[in-house]
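Protein chains: 2
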Amino acid sequence: MLSKSHAKYIQSLHHKKFRDIENCFIAEGGKVILELLQSKKFTCTEILGTQEWLNSNEALIRKNFTGPLEVIQQHELEKIAALTTPNQVLAIFKKALSIPVAPEGKINLLLDNIQDPGNLGTIIRIADWFGINNIICSEHTVDIYNPKVVQSTMGSLGRVNMIYTELEQWIQQQRPIKLYAAALNGKNIKEVHLSEGLILIGNEGKGISENLLKLADEKITIQKLGDAESLNAAVATGIILSHIVM
Amino acid sequence: MLSKSHAKYIQSLHHKKFRDIENCFIAEGGKVILELLQSKKFTCTEILGTQEWLNSNEALIRKNFTGPLEVIQQHELEKIAALTTPNQVLAIFKKALSIPVAPEGKINLLLDNIQDPGNLGTIIRIADWFGINNIICSEHTVDIYNPKVVQSTMGSLGRVNMIYTELEQWIQQQRPIKLYAAALNGKNIKEVHLSEGLILIGNEGKGISENLLKLADEKITIQKLGDAESLNAAVATGIILSHIVM
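Sequence order for the protein chains is H and B.
Offset between the first sequence (1-based) and the working numbering: plus 19.
Offset between the second sequence (1-based) and the working numbering: plus 19.
Incorrect hints may appear among the rest.
No copy labels: a pair is met if it fits in one copy or bridges any two.
Unchecked claim - Calculated pairs, DSBU-like style, for lysine-lysine (alpha carbon to alpha carbon, straight line, at most 30 Å):
(1) Lys243 / Lys125
(2) Lys23 / Lys225
(3) Lys50 / Lys243
(4) Lys50 / Lys238
(5) Lys243 / Lys60
Keep in mind the hints are simulated off the structure, nothing from the lab.
For reference, chain H alone in the conformation it holds in the complex (with noise of 0.2 Å):
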């Protein structure tokens, strides 16, 4: 039985104002809670879930959590859900703190002021596919303990290191690393293979800030064969990749 005030903490780390002030995120649905147990990069402090799931699910969790299992109903359980298509289980983790990045032979990705959570979360797990390490975001990029964007990222948020800073003194301080902004008229990205660079992608519909595009060594374009004005971030994302390292 979930108490009141704990039901409202749970909430409260909806927004990401107390998500900050605790340090903690919630992450929903099994898949998700499993493989960030598994990557040991966020301490659990508490594990809700359905009398069921736990059952099926015990073992598994034993493996890689010590701490409290707390069996909820459903009803309750959506009570405290941010997601709407509702879960069995309800995880608490504590942030992790980002690693310093040394970009030096190396592809890294930039982002520019994603602000669709879904993106974000798509981002993440195509740069865990592609084994880009690290993505470093502006500091009003949304947050990646949104709750929708730890849901998307299927897992692979424990294992690609997530960076929030100003950007662009970030990119001077790089230099001589090389900054391929993703733009219109820029380079046909299919003649483009790198092994070392900064990758920016800028926001879904303004695109990449004037300050930031006036860094850029060169743009890089995804060909237009057809009549669409653009194509989704986490879409041009995935080609740019693509193309770049594989």
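Fit chain B to the supplied structure of chain H, relying on the hints for placement.
What follows is chain B alone, placed relative to chain H:
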């Protein structure tokens, strides 16, 4: 002022059953509606917008629409909207007939049971970007007239011909045109460049059905360099098409 019965009619179009009965669908948001009007693929029967939106856009609308423009209040619009993000305008369109596909000499995209409306909409937008004119969907693929699909196509729905059919039979009717199935352990897509072929993408969780996979002339694969278990279906489609057609 929106009548109760008309509000109810519009709300009924949130559901596939009633879209099929009425042969109509709704589109929400100025950008999507203006693009659909411009494409001339669908006949618009009615536009309901706030006074402010209609005032700013009447000239643009009137280029492609002579029917009724109805002023409604923001709170009325929210009542009839299917999307959670509030828009200033909603329109009703008649569905279009699918055009039979002549797949010779072209790349055609086949979808086996894509379930997420955002994924389907994003895939339609990707096809439009790469100049792919036809998408052939299995009968259990999510409805293209689902409001979230319409929204996430960003207008590309007006430019891509969509067919729902029994895929196994359809593929066999197109022989000798080759079927390429996106799967694990296939040929690396960076070595696959085609000007003709059927490209088959599977369901988000389950991949391609066994009976369709058996028909594939070649399996094609996005090389994995990291640890993510899978890629989002729309992202995978974008990456595959970019390597095949660019």
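- Can you name, in rising order, the numbers of the hints this structure does not satisfy? Structure breaks hint 2 only.
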